[in-house]
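Q: From first to last, the protein sequence lines stand for chains P and Y. Residues 1 to 335 in the numbering used here are what the first sequence lists, from first letter to last. Residues 336 to 581 in the numbering used here are what the second sequence lists, from first letter to last.
Simulated from the structure, these hints should not be mistaken for lab results. It is possible that some hints are incorrect.
[As the list claims (entries may be wrong)] Below 25 Å or equal to it, Euclidean Cα-Cα: the simulated PhoX-like pairs (lysine-lysine) are:
| id | chain 1 | residue 1 | chain 2 | residue 2 |
| --- | --- | --- | --- | --- |
| 1 | Y | K343 | P | K223 |
| 2 | Y | K359 | P | K211 |
| 3 | Y | K414 | P | K79 |
| 4 | Y | K343 | P | K230 |
| 5 | P | K230 | Y | K359 |
| 6 | P | K155 | P | K122 |
| 7 | P | K223 | P | K289 |
| 8 | P | K211 | Y | K451 |
| 9 | P | K151 | Y | K451 |
Model, not experiment: these values are computed from the prediction.
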Amino acid sequence: MAASPSPKCYNRAYSARLSFRKESGLSLTWCSKILCTVLWGYTVMQINPRAYPHPVLAHWGDDILDSTFQGVVSGKGAKNAYVFDAVFKTNNADLLTLVEQKKAMYAVHVECNSTRYRNLFKSAAEKFSFEIGAGLIDGRVEVCSFVLAAKPIDKYTNASFHPDYGKSIFRLSRGDTLAVAHDQIIEATKKNDPLRKIGSIFSIVPNDDEKATGMDIETDGPKVIVRLSKPNFESYISLRHSADYRSVLIGSIVVPALVEVLERIRRAADEGELEDYSDFRWFVVIDRKLRERNIRLQEDPESFVDSSLKVAHELLGQPLSLSLNGLRAMTGVDE
Amino acid sequence: MSKLKFLKHSSLDRLRSNIAPNQKRYTGDASFLNDYFAGTSWYLDSNIVIPDSLELQIPTSKSDLLDLENTRIVYSALKHLTPLQASQQRLWAYFTHVSHWEYMRKRWPAEQYVGKERFREVMHERYFFISDGSRALLRKGMARLWWYGYCTYDEARSDPFELTGALLKKLDVAQNFAENPFGRNIDVIKALLSVVMERDFYERKRVRDLARYINQIGGATILDAIPPDELRELFTAKIDQLTVAA
Numbered sequence: 001m002a003a004s005p006s007p008k009c010y011n012r013a014y015s016a017r018l019s020f021r022k023e024s025g026l027s028l029t030w031c032s033k034i035l036c037t038v039l040w041g042y043t044v045m046q047i048n049p050r051a052y053p054h055p056v057l058a059h060w061g062d063d064i065l066d067s068t069f070q071g072v073v074s075g076k077g078a079k080n081a082y083v084f085d086a087v088f089k090t091n092n093a094d095l096l097t098l099v100e101q102k103k104a105m106y107a108v109h110v111e112c113n114s115t116r117y118r119n120l121f122k123s124a125a126e127k128f129s130f131e132i133g134a135g136l137i138d139g140r141v142e143v144c145s146f147v148l149a150a151k152p153i154d155k156y157t158n159a160s161f162h163p164d165y166g167k168s169i170f171r172l173s174r175g176d177t178l179a180v181a182h183d184q185i186i187e188a189t190k191k192n193d194p195l196r197k198i199g200s201i202f203s204i205v206p207n208d209d210e211k212a213t214g215m216d217i218e219t220d221g222p223k224v225i226v227r228l229s230k231p232n233f234e235s236y237i238s239l240r241h242s243a244d245y246r247s248v249l250i251g252s253i254v255v256p257a258l259v260e261v262l263e264r265i266r267r268a269a270d271e272g273e274l275e276d277y278s279d280f281r282w283f284v285v286i287d288r289k290l291r292e293r294n295i296r297l298q299e300d301p302e303s304f305v306d307s308s309l310k311v312a313h314e315l316l317g318q319p320l321s322l323s324l325n326g327l328r329a330m331t332g333v334d335e
Numbered sequence: 336m337s338k339l340k341f342l343k344h345s346s347l348d349r350l351r352s353n354i355a356p357n358q359k360r361y362t363g364d365a366s367f368l369n370d371y372f373a374g375t376s377w378y379l380d381s382n383i384v385i386p387d388s389l390e391l392q393i394p395t396s397k398s399d400l401l402d403l404e405n406t407r408i409v410y411s412a413l414k415h416l417t418p419l420q421a422s423q424q425r426l427w428a429y430f431t432h433v434s435h436w437e438y439m440r441k442r443w444p445a446e447q448y449v450g451k452e453r454f455r456e457v458m459h460e461r462y463f464f465i466s467d468g469s470r471a472l473l474r475k476g477m478a479r480l481w482w483y484g485y486c487t488y489d490e491a492r493s494d495p496f497e498l499t500g501a502l503l504k505k506l507d508v509a510q511n512f513a514e515n516p517f518g519r520n521i522d523v524i525k526a527l528l529s530v531v532m533e534r535d536f537y538e539r540k541r542v543r544d545l546a547r548y549i550n551q552i553g554g555a556t557i558l559d560a561i562p563p564d565e566l567r568e569l570f571t572a573k574i575d576q577l578t579v580a581a
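Please build the complete structure, drawing on both the sequences and the hints.
A: Right, here's the structure in full:
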């Protein structure tokens with residue numbers, strides 16, 4: 001959509017900027033992730049730098065110098081809707097002027113994968129609120145803040161353009177990006193979401209394969225599925241309602257399952273493939289608990305320093321002691 | 336009227352993780368869940384009211400899969416669902432495994448995949464949800480009929496499903512437009528389909544070129560900021576250009 005009045009001018013400026021990027025060693029596929037806090041816990045900002053056909057004020061680039069743009073969206077759950085507050089700040093005088101002239105606007109783009117929700121909320125005000133019905137979003141919600149062209153701008157220029165642009169001017173269409181802030185990911189969950197606790201992210205089912213032995217797990221759905229061989233599952237069913245055996249069952253089924261899950265996400269983090277798990281509710285819960293222990297797999301896989309076994313016991317509230325005490329009580333062994 | 340039923344979490348989890356051992360069951364003439372879960376309570380009634388009968392047209396040949404007709408039936412009956420409700424796997428799994436077993440058996444016969452590695456993947460996609468949340472809704476056997484209706488239904492038209500017809504006329508149109516990120520914005524996809532329909536623009540390669548073009552401009556321009564009439568102008572210009580070039 002974006003184009004300059006003169007194709008020559010546009011091409012020269014654009015190619016100059018691309019070559020500058022190469023010389024400065026920046027890769028267009030580079031990605032950074034920064035943690036920030038919003039109302040529903042934490043968010044992980046995911047920034048995917050890209051080359052625009054016109055200069056854009058973005059935290060990853062230097063198209064526009066000595067300027068910053070911030071957009072922070074926070075939200076809370078009301079009775080039938082989620083209410084979001086957006087706050088924008090920029091020190092770029094030309095962008096501020098465009099907003100005042102109603103040629104540009106602040107905008108929040110919201111997307112939710114699980115409900116196919118996608119919408120844009122916009123305003124000329126630095127602070128504004130908007131609502132999204134509770135029946136429209138669920139789980140991971142991607143939020144991105146922009147300054148956008150509110151109408152066609154025939155001669156866009158900015159006093160803070162990088163000198164590489166010289167005196168280039170650009171013709172912008174409605175909706176073209178002028179500034180982009182850090183993306184945010186917000187978790188939209190009901191307060192009483194039963195999946196908020198570690199134990200509830202596991203579902204224990206029988207493995208109908210007659211040849212199945214022991215146990216295995218599946219991690220490609222909203223919950224971690226623990227599959228037990230049929231004889232094992234029958235034993236589990238007969239024991240699970242007894243409070244005496246509960247801690248023993250956790251120790252023998254849930255702990256190894258959680259260790260395996262932690263190993264899988266550690267490997268994925270090391271290989272840069274954690275995004276594969278990010279839509280799964282179980283991952284959101286575990287990631288939140290790990291962050292409470294300063295383990296930030298997405299930004300810093302090295303922060304997971306302890307063994308998965310140790311961390312699993314911590315996340316489950318040290319079930320070994322409970323389990324051993326339970327066994328002692330059952331067997332009548334006293335000190 | 337009756338209450339919409341859905342599987343219990345534990346029932347769905349068990350079914351979903353045992354697709355391969357249940358291969359034979361998926362080729363049976365009747366739903367197997369009553370026997371499979373014998374002696375247990377495996378489903379629940381919701382508070383959502385639906386018509387007593389939600390009879391779909393059963394495809395009789397591969398050349399006429401009746402997706403448009405069945406989208407009309409499903410979306411007309413379940414228009415009152417919210418997207419959140421319509422994204423629930425437990426709800427659609429009841430449809431695919433119980434109430435609309437016959438439709439599923441005829442529309443996606445399991446026999447052709449039995450014994451093959453793809454069996455689990457295909458059953459997962461059609462009877463459950465694949466892990467790609469957004470695309471999953473358009474792939475699941477019954478959910479897709481609701482979602483196709485949701486993103487194209489237009490009461491302002493004499494036939495509110497006119498745009499659904501454009502979307503489902505060719506598989507390439509549905510895949511390249513509805514499954515792309517821009518297809519999640521209802522204004523964008525409606526504007527696009529209205530032009531596609533007017534220009535009779537369904538040729539496979541050109542449809543793909545158009546989708547690629549929209550993705551490209553979406554990289555710099557937030558399409559959601561453009562009003563429908565301007566979107567129509569934008570798409571019309573590109574479609575005319577692609578048509579002339581061909």
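Q: So which hints don't hold here, by number, going up?
A: Checked against the structure, the only hint that fails is number 9, while the rest are satisfied.
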